[in-house]
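So the sequence shown is numbered by numbering that gives the first Met the number 0: it starts at 0 and just counts up by one.
Calculated directly from the structure, the hints in this document are not laboratory data. Computed from a prediction, not measured in an experiment: that's the story for all the values here. Glycine included, every Cβ here is placed at the ideal spot set by N, Cα and C. Treat the hints with care, as some may be off.
[Stated by the list, open to error] Listed next, the in silico EDC-like pairs over lysine to aspartate or glutamate satisfying Cα-Cα at most 16 Å (straight line): (1) K39 / E104; (2) K39 / E95; (3) K65 / E95; (4) K6 / E95; (5) K69 / E104.
[Stated by the list, open to error] Pairwise CB distance ranges (calculated): (6) E104 / L58: 17 to 23 Å; (7) A44 / N108: 21 to 27 Å; (8) G22 / D54: 41 to 47 Å.
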Amino acid sequence: MRYQENKVTFEQEIYTFHIDFAGHVSNIVYVQWMEIGRLKLLAAAGLPVEKIIHDFGLLPTLIETKIRYKQQLFLGDQVRVEVWLSRLKNVSAIMEFRFFNQRRELTVNQF
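Please construct the entire structure, taking both the sequences and the accompanying hints into account.
Written as structure tokens, this is what we have:
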């Protein structure tokens, strides 16, 4: 995992259980990877979720997810995930994600 100026980049392996009946990575897997990214970004910023809960009495809550699928990912592909904080408001934050295959082609955009 790399952390650079409010941005975390990490690799994810694709396993057989990530593949749906159509033979590509299931839509729900991207949502799971986004949750991993959110946790990594918060931890890299010095605010792991357990600290937010215990020290501040707050419970981070996901209220919306928008995903634009550009290309499919398949078993054997390498996935690079980028996540960053694009907007910070009073009581909310917007995180954005991009997923790339091993050819550095954008496969998924989340905003």
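Here is what the structure says about each hint:
In summary, the hint linking K39 to E104 is not supported, as the alpha carbons are separated by about 23 Å, beyond the 16 Å threshold. Our distance criterion of 16 Å between C-alpha atoms is met by K39 and E95, whose separation comes to about 13 Å. Straight-line distance between C-alpha atoms of K65 and E95 comes to about 10 Å, which keeps the hinted pair within the 16 Å bound. With a C-alpha separation of about 10 Å, the suggested pair K6 and E95 falls inside the 16 Å cut-off, and the hint holds.
Pair hint K69 plus E104 holds up; C-alpha atoms about 9 Å apart against a cutoff of 16 Å. Between E104 and L58 the C-beta distance comes to about 36 Å, which lies outside the given range of 17 to 23 Å. The hint said 21 to 27 Å for the Cβ distance between A44 and N108, and at roughly 22 Å that hint holds. Evaluation of the 41 to 47 Å hint for G22 and D54 yields a pass: the beta carbon distance comes to about 45 Å.
The structure does not agree with the numbered hints 1 and 6 stated previously, though it agrees with the rest.
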